[in-house]
Structures are given as C-alpha cells and as structure tokens.
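If you want the building blocks of each chain, they are given just below.
There are 2 protein chains.
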Amino acid sequence: MTPFRLRLAVDMDEVLADAFSAQRAWFRRTCGYEWTDTELRGRRFRDLVSPEDYAAMEAMLHQGDFFASLDVMPGAQEAISALCETCEVFITTAAMEYPASCAPKFAWLREHFPCISPLNIVFCGDKSILAADVMIDDNLRHFRRFQGQGVLFTAPHNALETWSPRADNWQDVLAIVDRIDEDR
Amino acid sequence: MTPFRLRLAVDMDEVLADAFSAQRAWFRRTCGYEWTDTELRGRRFRDLVSPEDYAAMEAMLHQGDFFASLDVMPGAQEAISALCETCEVFITTAAMEYPASCAPKFAWLREHFPCISPLNIVFCGDKSILAADVMIDDNLRHFRRFQGQGVLFTAPHNALETWSPRADNWQDVLAIVDRIDEDR
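Residue numbers (our numbering), protein chains in the order written: chain U, 1 to 184; chain Z, 1001 to 1184.
Misleading hints may appear alongside valid ones.
Chain U side only, calculated, beta carbon under 10 Å to chain Z, not exhaustive [stated by the list, open to error]:
(1) Met57
(2) Ala59
(3) Met60
(4) Leu61
(5) Thr92
(6) Ala94
(7) Ala95
(8) Leu119
(9) Ser128
(10) Ala131
(11) Ala132
(12) Gln147
(13) Ala159
A short list of chain U residues far from chain Z (calculated; beta carbon distances all over 12 Å) [what the hints assert, rightly or not]:
(14) Leu48
(15) Ala82
(16) Glu88
(17) Glu97
(18) Ala100
(19) Ser101
(20) Pro104
(21) Ser117
(22) Asn120
(23) Ala155
(24) His157
(25) Ser164
(26) Asp172
(27) Leu174
(28) Ile176
(29) Glu182
Cβ-to-Cβ under 10 Å is the rule here; a few derived chain U residues that face chain Z [said to hold, decoys possible]:
(30) Phe20
(31) Cys84
(32) Phe90
(33) Pro114
(34) Leu130
Worth flagging that the hints you see were computed from the coordinates, not collected in a lab.
For glycine and all other residues, C-beta sits at the position ideal for the given N, C-alpha and C.
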C-alpha cells in the first residue's frame, strides 16, 4: 500500500502538444525554410533562422491562437488517462513568455485531456516553484532547482543532451514512472 | 550570511488586489445589497446573497475584465519592493476558476508590481503544487498541504478563523517574514 500517490508535473509543449511540428510547418509556409530531421537534431529554431524570421514567429506566438490547434503527441492521451488512475497529475507549462497563450492552452487541455481537473493546471515561468515528485519536460533547465526527479522527454532540440532517465515516447514515460513509484 | 534567500508565494486577491471592495461595490450597484463591515465579518458573499445574484457575479468574474481595474491593497507595493531585495518573491494566484482572468491579472501585475519578473508569476488552482518557504494568503485551505509556513492575510471572510501567524496588513507581513528569516 502506498500512503501517498506520486505527484507528476507534466509539461505541455513538445510533451503533450506538438508545438514543434506546428512551428516547423509555420517556418516552411511563411519563410520557405526546409529542414531534414537530421538538420534539426540538437538545434532550436532560433539557431536556424534569421533574427527577423524568428521575431515574426515570436510575434505570432504572442497572439496566442497558435496554441489552440496543436496536435496531441502520440500516446499522450492514453498515458495521461492511465497515470491519472494511480498518480496526482498536474500540467505545468511555462506560459508567462506568451501570456496570451493562457486561455487557448486552458481550452486545449480541457478538450484533449478532460480527466485533468482545471485545479491541476499551472501556468508559470520559473518551474523551480513546483513541488512534485517527478517532472516530465523537454527542457533540462527546469530540472536544475527541482526537488524531485526530472524525466527528459525527447524532442529534436534536446537529442544531444545527456540525461537519465530519458523518455522517447509516452510508453517510456509509463515505464519510468512505474519504476520511480516502485523504488520509493 | 544566508546561503539561500527565503522564497515567498504571495496571493493576489485580497492580498495584493482589493477584489473584496470591488465585489462589495458591484453587489451594491447591481443588486442593491448594503452591508455594514460587522455584517461581513466571517462571511463570504455567497452566504449573503441570493443564488441568482451570486451566479450573476460569477458570470461577471468569468469575463475577466473585473480583474483589470482592482485597487492595490494599502502598503503592498512598498512591501513587495522591499521583499524583492531580500527574498525570492513569486505571485501565486488561483486563476483556474476564472481562466479569462489570466491575461488581465498578468497585465495588472506588470503595471502595479513591475519589480516582479513575469517568470515569477504563477496561475494555478490547487496551491499544494507550490514549493516555497512562506505562503501569504487569505484562504486557510491553501496551507493544509503546503510544505512551508502559511501566513494568513486578514480579510473580512477569515476574520473569525484561528491561525498563527496572521497579518492584518503589509507592515505585519514584513515583520513576520523577518522573524521567519531569522529563525531558520
């Protein structure tokens, strides 16, 4: 018997929502950039485009609508439903760079992840404010001052980073969370 | 020498922003309710108005604009500026009941508390997700699963609650935070 349920802090962009593919498509459509998957490994869009094109993309993100229609990452819905049965699941997303993203992000979560209570949605900036046992995120920097275990969710930009545990997909997340839960 | 700065999680409504006075004025203007201060002690608006009038107020809150023009609580700006010198200050507000409040709350904070970095603003629901040393809040329920020290900020609705430490104003908060910082 486990006295307390494991508490998970789950990121949105690149973890639940496929912001990467939508940005890649936007750069192709708007500015004509074409990249192979290999060219994108270990790099961020800001390293690959002109400052003007990057500023145009940021201006688009500031309008917020971009976040309303992102695809769900493969397997995320089934995995989150399963995790909600055994863990306390919070969605913790760095929305403060684009404050107008809060409302569309909230609506997107309600639509695609109805099992997540609105009270378990957190919009923040510096994620060191979060108290959880496990953080599932594609950005290593959020693990630095985190008191729990960081699980790096693979995205093209972090493909060359060294971190363990790393999850390449939602099946991996389920296996890693199971192991953390058994080990405590 | 203090190796780590004390981290504070500071609520917005009734602590930084005078939502209480604005709601009281709205009920008087819209529904004709007149209360003395004594009648409001230890009670919430929902206990004092008809269900229809309360629903009308909630519908108004759901539009979000209400939060754009709230008065700042007396002494809050000076106190937060002083605390920012010695502590890590996060603003942690339960915005998820009214998701449309996120954008106006963000703009209000940027206008009245420019010393708070956007990265230190947190919109959440269940505040047990917060990792901080001290939480300054007018709702006792947020202290229940909080790992740090809760400081109850006096508001009419909590006037009859028993909790220590309690701050009746921002001068009290400064004195209490000083004491907590010295004691650790």
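Right, here's what the structure says about each hint:
no., hint, result
1, Met57, "violated, 19 Å"
2, Ala59, "violated, 17 Å"
3, Met60, "violated, 17 Å"
4, Leu61, "violated, 14 Å"
5, Thr92, "holds, 7 Å"
6, Ala94, "holds, 8 Å"
7, Ala95, "holds, 8 Å"
8, Leu119, "holds, 3 Å"
9, Ser128, "holds, 7 Å"
10, Ala131, "holds, 4 Å"
11, Ala132, "holds, 7 Å"
12, Gln147, "holds, 6 Å"
13, Ala159, "violated, 26 Å"
14, Leu48, "holds, 25 Å"
15, Ala82, "holds, 21 Å"
16, Glu88, "violated, 9 Å"
17, Glu97, "violated, 7 Å"
18, Ala100, "violated, 6 Å"
19, Ser101, "violated, 9 Å"
20, Pro104, "violated, 10 Å"
21, Ser117, "violated, 7 Å"
22, Asn120, "violated, 6 Å"
23, Ala155, "holds, 21 Å"
24, His157, "holds, 20 Å"
25, Ser164, "holds, 23 Å"
26, Asp172, "holds, 24 Å"
27, Leu174, "holds, 22 Å"
28, Ile176, "holds, 21 Å"
29, Glu182, "holds, 24 Å"
30, Phe20, "violated, 22 Å"
31, Cys84, "violated, 14 Å"
32, Phe90, "holds, 5 Å"
33, Pro114, "violated, 15 Å"
34, Leu130, "holds, 6 Å"
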